[in-house]
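**Student:** Listed here are the chains, written in short residue letters.
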Amino acid sequence: MSRQPLPPWVDIGLIPIVNVLLAFVVVGLIVLAVGVNPFTAVRIMVTGAVGYPEAIGYTLYYTTNFIFTGLAVALAFHAGLFNIGGEGQAYIGGLGVGLVLLAFDSSLPALPLMALAVLAAAVFGAAWAAVPAWLQAWRGSHIVITTIMFNFIAAAVMVYLMVNVLIAPGSMSPESREIAASGHLPFVHELLAMAGITMGQSPLNLSIVWAALCCVFVWVFLWHTPWGFELRTMGHNPSAAIYAGVDIRRMTVLAMCLSGALAGFVGVNEIMGVHHRLILNFTAGYGFAGIAVALMGRNHPVGIVLASLLFGMLQQGGAELSFEIPAITREMVVVIQGLIILFCGALANLTKPAFERLFAVLRTRSTRAQASAAEA
Amino acid sequence: MKTLTRSGLCGIAAACIAGIAQAADIKPAVVFDMGGKFDKSFNEGVNNGVERFKAETRMTVAEFEVTNETQFEQAHRRFAQRGQDPILGVGFTQANAVEKVAKEFPKIRFTVIDGVVKLPNVQSVLFKEHEGSFLVGVLAALASRSGKVGFVGGMDIPLIRRFACGYEQGVKYANPKAELLQNMTGTTPAAWNDPGRGAELAKGQFERGADVIYAAAGATGIGVYQAAKDRGKLAIGVDSNQNHLHPGTMLTSMVKRVDVVAYDTFKLAMGGTWTPGVTVLGLKDGGVDWALDKNNAALVTPEMKARVEAAKADIIAGKITVHDYMSNNACAY
Chain A
1 MSRQPLPPWV
11 DIGLIPIVNV
21 LLAFVVVGLI
31 VLAVGVNPFT
41 AVRIMVTGAV
51 GYPEAIGYTL
61 YYTTNFIFTG
71 LAVALAFHAG
81 LFNIGGEGQA
91 YIGGLGVGLV
101 LLAFDSSLPA
111 LPLMALAVLA
121 AAVFGAAWAA
131 VPAWLQAWRG
141 SHIVITTIMF
151 NFIAAAVMVY
161 LMVNVLIAPG
171 SMSPESREIA
181 ASGHLPFVHE
191 LLAMAGITMG
201 QSPLNLSIVW
211 AALCCVFVWV
221 FLWHTPWGFE
231 LRTMGHNPSA
241 AIYAGVDIRR
251 MTVLAMCLSG
261 ALAGFVGVNE
271 IMGVHHRLIL
281 NFTAGYGFAG
291 IAVALMGRNH
301 PVGIVLASLL
311 FGMLQQGGAE
321 LSFEIPAITR
331 EMVVVIQGLI
341 ILFCGALANL
351 TKPAFERLFA
361 VLRTRSTRAQ
371 ASAAEA
Chain B
1 MKTLTRSGLC
11 GIAAACIAGI
21 AQAADIKPAV
31 VFDMGGKFDK
41 SFNEGVNNGV
51 ERFKAETRMT
61 VAEFEVTNET
71 QFEQAHRRFA
81 QRGQDPILGV
91 GFTQANAVEK
101 VAKEFPKIRF
111 TVIDGVVKLP
121 NVQSVLFKEH
131 EGSFLVGVLA
141 ALASRSGKVG
151 FVGGMDIPLI
161 RRFACGYEQG
171 VKYANPKAEL
181 LQNMTGTTPA
191 AWNDPGRGAE
201 LAKGQFERGA
211 DVIYAAAGAT
221 GIGVYQAAKD
231 RGKLAIGVDS
241 NQNHLHPGTM
251 LTSMVKRVDV
261 VAYDTFKLAM
271 GGTWTPGVTV
281 LGLKDGGVDW
291 ALDKNNAALV
301 TPEMKARVEA
311 AKADIIAGKI
321 TVHDYMSNNA
331 CAY
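So the protein lines, in turn, are chains A and B. Just so we're aligned, residue 1 is where the first sequence starts under my numbering, counting upward by one. Just so we're aligned, residue 1 is where the second sequence starts under my numbering, counting upward by one.
Hints were generated in silico from the structure; no laboratory data involved. Hints should not be assumed to be uniformly reliable.
[Said to hold, decoys possible] Listed next, with one range per pair, are the computed distances between beta-carbon atoms:
1. A:Y52 / B:D25: 51 to 57 Å
2. B:S146 / A:I145: 58 to 64 Å
3. B:G196 / A:L111: 45 to 51 Å
4. A:A193 / B:A317: 40 to 46 Å
5. B:P176 / A:P169: 30 to 36 Å
6. A:W223 / B:D230: 43 to 49 Å
7. A:A156 / B:T273: 45 to 51 Å
8. A:L32 / B:R58: 50 to 56 Å
9. B:G196 / A:A156: 17 to 23 Å
10. A:L213 / B:Q81: 32 to 38 Å
11. A:A33 / B:Q81: 30 to 36 Å
12. A:A156 / B:D230: 24 to 30 Å
13. A:V25 / B:V280: 52 to 58 Å
14. A:I145 / B:D25: 43 to 49 Å
[Claimed, not checked] Residues from chain B shown here face chain A by an in silico Cβ test under 8 Å; the list is partial:
15. F64
16. E65
17. E69
18. T93
Backbone N, C-alpha and C define an ideal beta-carbon position, used for all residues, glycine too.
Using the sequences plus the hints, can you model the full thing?
**Tutor:** Here you go:
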């Protein structure tokens with residue numbers, strides 16, 4: 001018997017919810033094992049992530065980073081390229097932002113300065129992705145290997161520059177001087193304060209608007225432009241793409257550059273939005289998390305936004321959890337986050353067969369009932 | 001452990017005793033660095049001090065271990081909002097966060113270790129790691145038969161260069177012809193917790209002829225000490241007294257008494273005698289020192305001990321000035 005496809009509301013609505021609930025059951029058991037009431041833990045995690053304006057600010061700030069890196073991975077993935085270098089591209093993108101801001105923050109007015117910084121993030125991120133792309137396209141060096149290695153090179157370059165070149169004179173820690181106020185992307189709580197709404201301080205800034213725009217750009221580019229069509233064709237079948245006249249070398253470089261540019265925007269959020277100075281390690285694993293975000297979001301901008309929201313909530317709610325309950329260490333939080341991601345992403349098809357069987361039974365019953373009703 | 005409470009800390013201790021009588025109700029909190037509180041080294045030293053405070057006073061100390069840079073500020077602000085006071089920030093990366101939050105909460109007392117924040121409600125505690133490193137450098141040069149000694153750092157950042165630079169000066173002081181091999185473990189925070197790589201770097205340095213290695217790399221050092229033990233060479237511990245890890249091959253440890261700072265911060269706050277300002281703890285104050293105990297007594301000959309103690313006395317007396325890398329971000333002396 002061939003199974004009929006599930007109704008869409010079950011596939012993209014009910015199954016994910018059931019998976020999240022299953023994940024919480026397993027998480028609850030683990031939390032119980034360390035002697036904490038699982039209901040308290042879940043309550044703290046949820047309130048900590050979305051319970052009050054400040055928490056929402058933090059959640060959305062993390063979401064912003066995940067959207068950028070998620071889009072970066074997804075775009076490359078549509079071209080059949082597995083970009084694991086988001087971490088390094090974000091790092092170098094941030095370097096670009098920092099260099100522009102440090103160079104021009106006293107000479108340029110705010111708006112052109114910020115536009116230039118965003119452009120620099122894209123250019124630096126793209127440049128960092130272009131080298132592995134070129135190596136893949138012309139030399140056949142596998143992109144997974146080269147992008148991973150470029151993460152280490154990026155980290156080494158940053159440490160060298162921060163310690164020897166960009167360190168603020170007289171500073172003891174490897175940080176640049178603080179960027180002048182004209183180079184600070186406004187915080188959302190500042191904007192709300194101007195509108196008369198008070199919100200606690202959070203790192204959420206206008207980068208999130210840029211992240212939303214990027215989602216639209218990626219959607220338009222991939223599904224509504226000839227380049228996007230060529231890119232996806234290459235991803236599905238490179239031989240067919242060549243046969244159809246696509247220059248897959250150029251397409252590889254284009255896809256990777258766009259991917260790197262998107263990852264580079266993490267630097268906009270972190271350097272221009274939050275820290276206001278160049279520092280080390282601001283990428284904090286967002287580039288790698290982007291892979292999971294893209295997989296979970298099924299490489300579609302809408303899915304990526306949803307997955308990023310979940311990751312942001314887990315990041316902020318998890319921090320709050322270890323903050324409120326000392327028995328739950330940050331390592332425990334990683335376990336909890338991992339389990340939820342495992343159930344929602346990797347095991348997404350765990351419950352699907354059961355639902356398919358259930359709906360097959362329901363369908364036969366309803367057709368029988370209809371048939372008998374018709375006979376009567 | 002060598003005598004630690006000298007002049008500076010002595011005064012602090014006296015103030016503590018006075019303070020117990022009128023113990024105020026405080027809600028202390030501590031924000032640990034990326035390394036986490038069980039890194040066997042820097043953060044764990046702080047944690048030991050916190051645990052000692054908790055055991056003695058039966059008070060609870062709120063704590064948080066960060067996972068990214070943004071959380072420093074978040075943790076300090078959340079603690080401050082909850083009325084935790086005093087709040088202890090561990091590590092130089094927290095200085096900016098403490099500065100921001102301390103401005104917003106001028107009535108809450110903050111103490112930051114390894115960083116400087118000049119505000120009326122912040123106590124900044126710095127250590128002269130170069131002085132302690134100088135002493136273990138002297139000892140390394142005296143213990144080395146090959147005339148080659150090694151250094152394994154965590155990340156190539158100014159703080160670690162300060163350790164390396166002090167060590168180098170000590171080595172050259174005891175043996176001007178000695179050769180120093182230096183390696184850094186990595187370029188990401190993972191470098192502080194990579195014993196496997198620490199062991200590989202140590203083996204590499206042993207191959208090149210070194211027979212004493214000083215590790216200033218957090219938990220990565222554990223690999224260095226293991227490699228030294230496996231080869232029957234010597235290693236020098238850092239931050240906490242790590243002599244007990246491998247008795248017989250741990251030449252000494254450069255101890256940095258962050259535990260005392262953590263303990264004293266809370267004790268002083270309890271007694272109402274906590275004061276803001278910048279405190280720099282060196283050899284003179286017992287803030288840094290070399291460790292001599294039963295685990296390494298057999299490795300340190302009376303002559304070596306005499307030379308190191310003489311160097312220590314000279315530094316305290318000001319006859320030897322150990323150049324601080326971070327004073328001008330260069331190791332020229």
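**Student:** Check each numbered hint against the structure and report the violated ones by number, ascending.
**Tutor:** Those not satisfied are hints 1, 2, 4, 6, 8, 14.
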